[in-house]
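Undergrad: Residues per chain, in single letters:
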Amino acid sequence: MRLVKARFDGFRLLNGVEIAFSLDPTRNITVIRAANESGKTTMLTALQWCLFGEEALPAGYSPQSMDLTTGQLSETVGEVVYEVASKGVTRKYRLIRSLTEQVGSPVRSKSSTQLYEMLPTGAKEIPNVEAHLAVHMPSDLREVFFTDGDRALSFIEGLRTDQQRRVKRAIEQLMGLPMLEEAVEHVKKVERDVRAKADAATSNDELKRTRAALEALETTIPELEGRLQTTTDEIANLNDLYGKADRELQEALKRGNRDEIAGELRRIQKERAASEKRIRDAEGRQAGLLSNKAFAREMLGGKLRAAGRLLDDLRKKGAIPNKTIPILEDRLQHSDCICGESLDEHTPEGARRRRRIGQLIEESRDADALKAKVSDLYFEGRELFSAGAATWISDYTGAFSDRNTEQHTYEELGRAEAELEAKLDKVKDDNVQQAREMRDTYRERLDEKIPLAGRLDQQIRQHREQRVDLEKRFQTLSAREEKGRRFTCELTAARDMRGVVERALEIMKTREVQAVSLKMNEYFLRMIGAHPDNALIQRAEITSEFRIAVYGRNERMLDPSMDLNGASRRALTIAFVLALTEVSGVEAPNVIDTPLGMMSGFVKTEVVRVASDASAQLILFLTHDEINGCEAILDARAGEVTTITNPLHFPRILKNDPGTTAAQALQCGCDHRSVCSVCDRYPSAADADEREAA
Amino acid sequence: MAYKDEKVVTIILEQVGAVEERCPGYREEVQLALAEIIQAERGHQFARTNIVSKIGDLVGRVGTYLNRQTVAASEG
Numbered sequence: 001m002r003l004v005k006a007r008f009d010g011f012r013l014l015n016g017v018e019i020a021f022s023l024d025p026t027r028n029i030t031v032i033r034a035a036n037e038s039g040k041t042t043m044l045t046a047l048q049w050c051l052f053g054e055e056a057l058p059a060g061y062s063p064q065s066m067d068l069t070t071g072q073l074s075e076t077v078g079e080v081v082y083e084v085a086s087k088g089v090t091r092k093y094r095l096i097r098s099l100t101e102q103v104g105s106p107v108r109s110k111s112s113t114q115l116y117e118m119l120p121t122g123a124k125e126i127p128n129v130e131a132h133l134a135v136h137m138p139s140d141l142r143e144v145f146f147t148d149g150d151r152a153l154s155f156i157e158g159l160r161t162d163q164q165r166r167v168k169r170a171i172e173q174l175m176g177l178p179m180l181e182e183a184v185e186h187v188k189k190v191e192r193d194v195r196a197k198a199d200a201a202t203s204n205d206e207l208k209r210t211r212a213a214l215e216a217l218e219t220t221i222p223e224l225e226g227r228l229q230t231t232t233d234e235i236a237n238l239n240d241l242y243g244k245a246d247r248e249l250q251e252a253l254k255r256g257n258r259d260e261i262a263g264e265l266r267r268i269q270k271e272r273a274a275s276e277k278r279i280r281d282a283e284g285r286q287a288g289l290l291s292n293k294a295f296a297r298e299m300l301g302g303k304l305r306a307a308g309r310l311l312d313d314l315r316k317k318g319a320i321p322n323k324t325i326p327i328l329e330d331r332l333q334h335s336d337c338i339c340g341e342s343l344d345e346h347t348p349e350g351a352r353r354r355r356r357i358g359q360l361i362e363e364s365r366d367a368d369a370l371k372a373k374v375s376d377l378y379f380e381g382r383e384l385f386s387a388g389a390a391t392w393i394s395d396y397t398g399a400f401s402d403r404n405t406e407q408h409t410y411e412e413l414g415r416a417e418a419e420l421e422a423k424l425d426k427v428k429d430d431n432v433q434q435a436r437e438m439r440d441t442y443r444e445r446l447d448e449k450i451p452l453a454g455r456l457d458q459q460i461r462q463h464r465e466q467r468v469d470l471e472k473r474f475q476t477l478s479a480r481e482e483k484g485r486r487f488t489c490e491l492t493a494a495r496d497m498r499g500v501v502e503r504a505l506e507i508m509k510t511r512e513v514q515a516v517s518l519k520m521n522e523y524f525l526r527m528i529g530a531h532p533d534n535a536l537i538q539r540a541e542i543t544s545e546f547r548i549a550v551y552g553r554n555e556r557m558l559d560p561s562m563d564l565n566g567a568s569r570r571a572l573t574i575a576f577v578l579a580l581t582e583v584s585g586v587e588a589p590n591v592i593d594t595p596l597g598m599m600s601g602f603v604k605t606e607v608v609r610v611a612s613d614a615s616a617q618l619i620l621f622l623t624h625d626e627i628n629g630c631e632a633i634l635d636a637r638a639g640e641v642t643t644i645t646n647p648l649h650f651p652r653i654l655k656n657d658p659g660t661t662a663a664q665a666l667q668c669g670c671d672h673r674s675v676c677s678v679c680d681r682y683p684s685a686a687d688a689d690e691r692e693a694a
Numbered sequence: 695m696a697y698k699d700e701k702v703v704t705i706i707l708e709q710v711g712a713v714e715e716r717c718p719g720y721r722e723e724v725q726l727a728l729a730e731i732i733q734a735e736r737g738h739q740f741a742r743t744n745i746v747s748k749i750g751d752l753v754g755r756v757g758t759y760l761n762r763q764t765v766a767a768s769e770g
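Residue numbers (our numbering), protein chains in the order written: chain F, 1 to 694; chain D, 695 to 770.
These are calculated hints, taken from the structure and not from any lab test. Computed from a predicted model, the values in this text were never measured in an experiment. Check before you lean on any hint, since a few could be wrong.
Partial chain D-side listing against chain F, Cβ under 8 Å, derived [unchecked claim]:
(1) L726
(2) R736
(3) Q739
(4) R742
(5) I749
(6) N761
Positions of the beta carbon are idealized from the N, C-alpha and C atoms, including for glycine.
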């Protein structure tokens, strides 16, 4: 099937928009160029609505024109011309889908369709349109052929079982596997019917018992197969959850145990308090060194010595009595004088000297105030004036160093405390415990499910073997009966035919899936420019469990959702879609909305090239940024290019006044390189500001 | 976008080669019946029919052929 042209009226922003699709096999790309919010995704939706009906619309989606108000009638019409080639004959069809609704009405109307075959003699209306459309465009295939860069990612993102289910479903639908499965079931039903007839035609009890046993197995085997499938899905899911829980546990262990961190924090806080006290002590010692005599001597040494010399001179001149009241009074407390003579009051000499000292005390009391002060200074400052040992500097250096060392320790402890507090904040309550419990729970469930799957598998095998034996027995018994021979031949034929379809189904599931896998790998490596001998990503494959897996160097399995960059993830999913459509042999356009997001340079160009090579018809909805860098490949491969513009982007984004304020996209014939007065736009907000200012 | 059944049919025809030739022409009968089954299944997908009855007829046709050939061989 190839799209020829499409027209949309009254579909949101689209009114009177008409697209011609390239039918040239050498330039098979059709580009619809549009900036964000200009109708690309709307057009993709409109195209799907037209071809597949309401089921193609997202839930709650309304195609009504944007400018209509509540109560007004909305008329939406989509028209698609397409052609279908079959057995060497190409037929052209024109499909019109229309919908009339009242804006704001909660009742959703159903669209009506008309289909015409375009014959040389004119258009011939085809009755029973939906049945024809279902043959031309099976809705099962819609999601593979009509996709966007984000939606395609669902093949490699999300829960592993969901990914596998999506990949499996896409492969099965495109390969026609559900039809083969149905065929197997129908042939089985025919077998049962034949057996029932054979049973009814005979009175042989063993034949009846054998048939009953076979009937029971026909019910039991599919039940067991269903349970095995469910259990296998559960195991895959649990493996995922177990892996995730284990990673979380390892992360939690790396972050640390909350109790251990809290204990360490308390120890550090205690040490920091002790360190603070040591700092205060060191400060005290340092302060003490700044207020003692040694400090004064150190600071004023020269001045003090000069003052000492002056005082000595004064003393020599008698200006400073060498006796002072306190000294003299102190002497009177002793039995000898400073000079060594006796001051014993019981001896005449001693008593005389004591009297003399008393006399001097009395005379000294008469000295004037100045002399008293000078005397005080002389006697009290003698220690200061004398040279003394110079230990203050080393004492102070020691104290200063101690204080600095302790300050450093204090700061280190403060940093450690802050780090521990931050760590403690990150570790939720019982994080490690919780992660461990989760992991162990998944492990326990896996330990239950894995043997269960084994048992189910074993039972299925046994039942299948039993069925084969019973079938043979039934045929042998039936063949003995005159009436049973015909039924025996029918059963033989049914069993042979069922065997062929079952083997074909198995081959489709293995060989053809392998073919898709190889093709996907080829496309993917081409797209990302990976050389098999020298690249981080070595290969991609679809596993037997329908999982898209990627391998790096040394056959290391990578998780596409985590280990691949955004561009490679998109390239991988587009490669899968292209490989699937190619291997399936289904001829249909690949319609992709914004496939080149997050891509640049080589990857972007190669994705376009590979997609063009792999598609019968490739329709790309691209933004200007996506086109940037792909101009050369589009020059070579694009057969049709059209540009869609949202007039409401004036004046901030569009350069020229489009002359309308209606919410209706404007279409121009500009290709991926050219611009006109309708679609010319500012490259950035700064440019718009500059123009506005001018 | 129509389903392409050529691949399915090709594989089925390949597999018919593995079916025992129970009587002369038996394999060919099976092959023909299977091709018709696939066609009927695809048609059934787009317009519901009594598919089991149709397949029953085809199986019956092959069974009858086998029965006739077997009887003919035993009598002849």
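Undergrad: So, for every hint listed, does it hold in this structure?
TA: Hint check:
| no. | hint | verdict |
| --- | --- | --- |
| 1 | L726 | violated (11 Å) |
| 2 | R736 | holds (6 Å) |
| 3 | Q739 | holds (6 Å) |
| 4 | R742 | violated (10 Å) |
| 5 | I749 | holds (5 Å) |
| 6 | N761 | holds (4 Å) |
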